[in-house]
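Peer 1: These are the residues of each chain, in order.
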Amino acid sequence: MSLVKLEDVRKVYQTGGVVTEALKGIDVEINKGTFVSFIGPSGSGKTTLLNLIGCLDKPTSGKILINDMEVGQLDRKDAANFRGNNIGFIFQNFNLLPVLTVYENVEYPLIMVQNVPKNERKERILTLLEKVGMLDQKDKYPNQISGGQMQRVAVARAIVTSPKLVLADEPTANLDHAAAYKVIEIMHNMKSQFGTTFIFATHDSKIVGEAEIIYALEDGLIVDSKIQNSKEKN
Amino acid sequence: MKNILKIALRNLFRYKRRTILTASLIAIGVILVIVFGGIAKSFKNEVIGTLTNSSLADIQIHKKGYLSSIDNLPLDLNINAGDVNRIEDVLKRNDQVKAFSERIRFGAMISNFSQTTSIRLTAVYPEMESQTCPDLLKRIKKPETDPIHFIKPGEIIVPVNLAKGLNLKVGSDAVLVATNKDGSVNGINLRVNGVAESILGPTGRDGYLHIDDAQSLLRIDNGEISEIAVKIKDFNKLDNVYKQLKTELMSIKDNSGKPLYEISTWEELSPFTSIARIVDLLIIMVRIVLISIVLISILNVMIMSVYERVSEIGTISSIGTSPRKILSLFLVEGFSLGLISGIAGSLLGMIILFLVKVTKLNFTFGRMDISLSPAIPINEILFTILIVVVISIISGLQPALKASRLEPAVALRHV
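Protein chains in written order, with my numbering: chain A, 1 to 234; chain B, 1001 to 1415.
Treat the hints with care, since some could be wrong.
When the alpha-carbon atoms are kept at most 27 Å apart in a straight line, the in silico DSSO-like pairs for lysine-lysine are as follows [what the hints assert, rightly or not]: (1) A:K138 <-> A:K118; (2) A:K182 <-> A:K138; (3) B:K1016 <-> A:K138; (4) A:K164 <-> B:K1325; (5) A:K118 <-> B:K1002; (6) A:K77 <-> B:K1325; (7) B:K1006 <-> A:K118; (8) B:K1243 <-> B:K1258; (9) B:K1063 <-> B:K1237; (10) B:K1402 <-> A:K58; (11) A:K138 <-> B:K1325; (12) A:K32 <-> A:K77; (13) A:K122 <-> B:K1006; (14) B:K1002 <-> A:K122; (15) B:K1233 <-> B:K1357; (16) B:K1237 <-> A:K77; (17) A:K138 <-> A:K164.
Stretch-level coverage of chain B by chain A, calculated; a stretch enters the list once three of its residues show a Cβ under 8 Å from a Cβ in chain A [unchecked claim]: (18) 1006-1017; (19) 1318-1332.
In short, the hints are calculated from the structure, not lab data.
Ideal Cβ positions, reconstructed from N, Cα and C, are used throughout, including at glycine.
With the rest of the complex left out, here is chain B:
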């Protein structure tokens, strides 16, 4: 094998210009895959991180049926206090759960005493919410920065668009009017203590208030809530934690034996999931382009190589080289070209990703300030090299088979 490799490599570098051009083409393809993949994944993770850390959390638990009518923010599909405790026991038992936050979500009318408009509200316990969505505070413009007290009873945080429209500023008074689940209307006076910037997603009209005020406004005195938002310790283990929690929660059933609760990851709750899937699709497309480049380049080089060396093939065949060894010689040549190009492209790709990481490429996406910090994706790089090598062997197969099947007498006559 050592000798086959030696001869294959020497033949490869016999036509230096052609080999370098082909290797460069493949290397550029590899760079494209690694850099695009790295940046796209970094962008995706950054956006997902912002979304989950500032509003969605990693996982949400609702009463069965809530998710399908989430746009209406129904109050008749709340989790009762007894079940809240049961669910929280499940969450506390799971060592991967970092924090969770009880929320009441509802729609209301907000008025500055002269104008009125609709608002979506999330009522929270600030200490629980700030642990579950630690980046929420970064999106709130307010004088108070203590996370435990970012919202107190009697206060409201209004979304920036709505604040502008109603001319509400920190310190302004506002009236909130809402209908409870029994249909009775109630109102409450609140003071604006912060303005929340909207981010990507359905938060353009979302405000925050303390859960005590929501219970008072909606006349909830039995401790029921709309949802429990969950933050986990390691986002990479989301699927596992989701499965574990789902298994436990699905065992809580109603009288008819159906599960009482539903559990969802951020993917089911955010429209960014579609963008994330498009990003994944683009990465696959770039890979397909790379495969095409490798396939055509290696096939071209190997066809040329066999054509130019017909007489040589006749010589080695007449000396007694077996058809299998002739096949190996050409396959190893294609394999080596792929491997060298793949490694060179990967190294350059890693350098480019490292430079992007060091320079911390910043840009704004929606209202999010994205700072790209791509990791060096070792698995991605190994997978890309593997693709290149496998495709190199496949594309070298036809010319190599042709070489091994040449009749020596015919090959020797070739000029």
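If we strip away everything but chain A, and leave its shape as in the complex, we get:
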């Protein structure tokens, strides 16, 4: 069953007098509980596509359905509400809030978005921090931990609300080899354990190697797609 469905999605940016067609008609269907990777050179439209799926931006035309709900034209408030309850984000630069501790960063969406009661919140956060190996660092601030650790916290923050979908834009680009594999492993575990769908926009061959479906983007169009089975991945 498909979780994400894009029908002839186009995105045109107009900056001053310059018109840029970032996406030229994307049709994609992504099933629940899959690891999907969008690859392509810079400017191919990967981040734009992720922004549209993540309700961070609106398509110029076309339909975006998540769980059979049309989300492409949600207003600012409804889009925020939808994101908070259904989508997790992982960023290239980790984007942890510097004034909050590791624990508080993971807690943020549960307080500010979902209003989860304190006891339940605590249990979920501590469980997740243990799973990502950051329990012993829970009281540290982001500037007191390494890049790999920050991204593990970011993963925990992305999935603490139990979203159906996690979007990750170049999640391993700023990590060394070992840290990158650790983060990928955590995401794999989350997928297996919670059935979360992960969609990546990446250049990184490590992530591409882990993806079940790979879409290649070029100049705003999907030019190739590939399904990898577990044997191929190994």
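Please arrange chain B on chain A, whose structure you already have, making use of the hints.
Peer 2: Chain B only, in chain A's frame:
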């Protein structure tokens, strides 16, 4: 809300130096308002107290039309004896009236037998006058200090400037010549028994004598007087007492149905009222300066804050934080900065006022020795904090709105 406040405060103290500098600037503004306001009000109250307690009294009652010709001290606009009793009955019934004094005021010529000059005189019953203007005695240099007998029949208290000019000393003889309301001239021999220091206002040529002598000099045998000066128990209730008395006095009417008497507070009788209004205006000006400081400081800090945190705004927005909560985060940040600065400034302002009060700052204003003893103006402080907080919220509104309206995709791209 607790979490919004926690995040707002942490963000505020993330840029410690900038926050401390801005908070200091606002706190200095608050100190300025509180200290200036406290001292200015203390000065004003001190001067008003001196004026009302030594010559004007709090309220004066005259026959209708007297006030507009008060500079001429007319004798044909006196209150007759029957009405004096009616007015005094009204005064006695009012429990806020502490004392009142009957006065005859007139102009005369005073002579030391070789030189003659004009003088303005207030004829009083000393016991009534000393209760109505208790500080009057402090301004009179004389051997006799008993308030009930500070002036006796046959005596005159002359103003200091005039005493110097005519070389009159305590014990000197002087002749007073005056024209009564019928136009006949009469004279009386009096002995100088005191010299009155002038204070701010039209008292530079004012002397005092006993009301019996004035009645004799002016051939008033029907008990009429020029004015009744009134002292009330609580000066803060002046407006209320004035309104109560006015209502009662306005019901005393002449044959044509017009009020026979007019009632005035010290404000209508003293030129210091203008100075008092200027002081009030200055306090308002200082408040406006404070508002400007707060407005510009908070606006600057919040604009910087939003600009520096565009990417963070994109992050919290993508996580699902509603635009309303993003707006609240920044508004609470501006509010907290204003509140902290306002409280800090108020505390320091109170300490400074307390020190001024303890040290009893003394100086001379006109011929008045002013001793500043500012009260801690709790209402003023609360009002100042309220102004600071409200202006902080208003000035934080534009940057906060900007933050809440940022497109998350655009904000995330911001470096």
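Peer 1: Work down the list of hints and note, for each, if the structure agrees.
Peer 2: So, going through the hints one by one against the coordinates:
no., hint, in the structure
1, A:K138 <-> A:K118, "16 Å, holds"
2, A:K182 <-> A:K138, "18 Å, holds"
3, B:K1016 <-> A:K138, "24 Å, holds"
4, A:K164 <-> B:K1325, "24 Å, holds"
5, A:K118 <-> B:K1002, "13 Å, holds"
6, A:K77 <-> B:K1325, "10 Å, holds"
7, B:K1006 <-> A:K118, "16 Å, holds"
8, B:K1243 <-> B:K1258, "18 Å, holds"
9, B:K1063 <-> B:K1237, "24 Å, holds"
10, B:K1402 <-> A:K58, "20 Å, holds"
11, A:K138 <-> B:K1325, "25 Å, holds"
12, A:K32 <-> A:K77, "26 Å, holds"
13, A:K122 <-> B:K1006, "18 Å, holds"
14, B:K1002 <-> A:K122, "17 Å, holds"
15, B:K1233 <-> B:K1357, "24 Å, holds"
16, B:K1237 <-> A:K77, "55 Å, violated"
17, A:K138 <-> A:K164, "25 Å, holds"
18, 1006-1017, "holds (count 4)"
19, 1318-1332, "holds (count 8)"
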